[in-house]
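A.B. asks: If you're matching them up, the sequences are chains A and B in order. Numbers 44 to 371, taken from this note's numbering, label the letters of the first sequence in order. Numbers 44 to 371, taken from this note's numbering, label the letters of the second sequence in order.
Hints listed in this document are in silico derivations from the structure and should not be mistaken for laboratory results. Wrong hints could be hidden among the right ones.
Since the list can't tell identical chains apart, any single copy or any two copies may satisfy a pair.
[Claimed, not checked] Restricting the straight-line Cα-Cα distance to at most 20 Å, the calculated cross-link-like pairs of lysine to aspartate or glutamate (EDC-like) are: (1) Lys310 <-> Glu281; (2) Lys189 <-> Asp290; (3) Lys232 <-> Glu252; (4) Lys68 <-> Glu334.
Number of protein chains: 2
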Amino acid sequence: MKILITGGAGFVGQRVAMECLHRGKLDISDQPIESIVLTDNADPPFWHDGLREDKRVTTSFGDISDSAYVTSLFEQSFDVVFHLASIVSGQGETDFDLAMRVNLDGTRYLFEEIRAQKNNARVVFASSVASFGGDDMPDVVNDQTKQTPRTTYGMTKVIGELLINDYSRKGFFDGRSARLPTVIVRPGKPNQAASSFVSGLFREPLNGEPCVIPVDPSLVMPVLGYKSIVDGLIKLAELAPEVLGSDRAVGLPALNVSVQEMMDALKRAAGNRHLGEHVLQKDQAISTICESWPKYADTQRGQDMGLPIESSIEEIVTQYIADYLEAS
Amino acid sequence: MKILITGGAGFVGQRVAMECLHRGKLDISDQPIESIVLTDNADPPFWHDGLREDKRVTTSFGDISDSAYVTSLFEQSFDVVFHLASIVSGQGETDFDLAMRVNLDGTRYLFEEIRAQKNNARVVFASSVASFGGDDMPDVVNDQTKQTPRTTYGMTKVIGELLINDYSRKGFFDGRSARLPTVIVRPGKPNQAASSFVSGLFREPLNGEPCVIPVDPSLVMPVLGYKSIVDGLIKLAELAPEVLGSDRAVGLPALNVSVQEMMDALKRAAGNRHLGEHVLQKDQAISTICESWPKYADTQRGQDMGLPIESSIEEIVTQYIADYLEAS
């Protein structure tokens, strides 16, 4: 089995690769994982230890919005593709054309190459709860809720879901979309996602540094730990198509918690560690984007499919401390 | 005021042009309509009498999926654009790539040119009830219903609606999407739309010819007369943006009637005219597409905005007889 991961140098991409390598095979075929190609546009801030040293892993750097580059990736064929590469929400708001080029054109180049393989590859596309929004968004969103996004990022994610459904319906490949809640706790540095502070509010204080909270602490957001995100993406690749039905977009399970509850959970999970402080300092641009997103995601459909969820924010923080602070 | 109509040689495009010319101005500005450009990919089966003779009308033939052609249209600027050009449902199912090229790429070329004008032009995009579908489609669809189309045509229509919303949100232009029910009665010849027979079931018998009914007569479909379609498209262009809210896609009002009810209404409206017969002969491909569409559209939101609707199928047939049979 050969696997391609776009956005493969990113945090989630690296962890999907690590988990696949750890398992050795996926519950799709009896073939062991022979190779994983990680493609991304640039070297990441950090590589997880041991990942690039694994003989099954190769990296490839290029621009997914360059069709010739995407074609070059497919000199070999892939059985499973995790399409995680994306311009993120904040960046998409400042550069509409870049978001369209990478998130829409790039996705289409990729999907056309997978289609041309004619091997009915499994494709998992990373969508987002940011695909919801608008004046008429209900208080609780679920997999039946109309997506009327208020970011270009979210708009391109809905289009990706539509393409996944139609390419699958036409038999071009066997696709699935995972609608990701905000991923916590991302290690490393902040990125240009409007939700970037949600990882920062754990990460920076645990590093003894302050973290600016740019939104009202009462804001409720659907979040999920990276372990469940990664296990959920892999599980979605493994599910039989019949389980999904005609709409192959599934909201990953989520914990719906306020920013204040996350700050409180950090203090409980941190034990005796010295914590940097949270500095409340509202940023209007970030607040506007985050407030346009759903407050509460009903993710029962995904949970019924066996997609995992952590029991609490504390569990997520404890995992992060074990993986990124105690291990190093 | 300058108006561009894509699909301008089509039946609806020609009638939108005729109605605009008849009115002389739209309820958008005090400027009279100075010119209307009708663009299409080929000469139509017929031109309505007098349309091309109007000094305000020019025609332009070219391929909207050719970006250079689209650019050439914008050597002048337009205040209002009706974007009606589209690969239709049946054709989109047999040629996925053509549907993507015309309905998605072509739409993007057009929208980029309108954006580049920087004049906040009004744009009306013709979407379709075919944008609804899927295992989980409710019995009644409305403007809040999630669109999970089961045709490539419908998929590209949802994408168009998403683009209209985001281009409008970003201030690139002032867009609106009109979700059209099946348009009756189209004169002329059948086209490759799976719903083409719905016009044929009136038109062919009125011409004394038989018409094959390829679906179960109990099938209920949302339909609307061409007069209300045209008046609705123009009204949607005229509405103040505040009326629309963040989701600028509006289902045009529709009559939800069975094929049997339409056949019965024809007999009542035809009076003493000799009618060709209806021949029930199921076509599985057409049935599959039509059965994937909504049975019942709740279009109260559009009606509350003042978009028109005929009172009955008989009214629509009577109008058609007056316009196309008695006038000629």
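A.B. asks: Within a copy, between copies, both or neither: which one fits lysine 310 and glutamate 281 at a CA-CA cutoff of 20 Å?
C.D. replies: For lysine 310 and glutamate 281, the Cα distance exceeds 20 Å both inside one copy (37 Å) and across copies (56 Å).
A.B. asks: Taking 20 Å as the upper bound on the Cα-Cα distance, should lysine 232 and glutamate 252 be classified as within, between, both, or neither?
C.D. replies: within (12 Å within a copy, 72 Å between copies)
A.B. asks: With identical chains, the pair lysine 189 and aspartate 290 could be close in the same copy or across copies; at 20 Å between alpha carbons, which is it: within, between, both, or neither?
C.D. replies: Both ways: lysine 189 and aspartate 290 sit 13 Å apart in one copy and 11 Å across, limit 20 Å.
A.B. asks: Classify it for me, lysine 68 with glutamate 334: is the Cα-Cα distance of at most 20 Å met within a copy, between copies, both or neither?
C.D. replies: Neither, since 40 Å and 41 Å both go past 20 Å.
In this structure, the hints that do not hold are numbers 1 and 4, in rising order.
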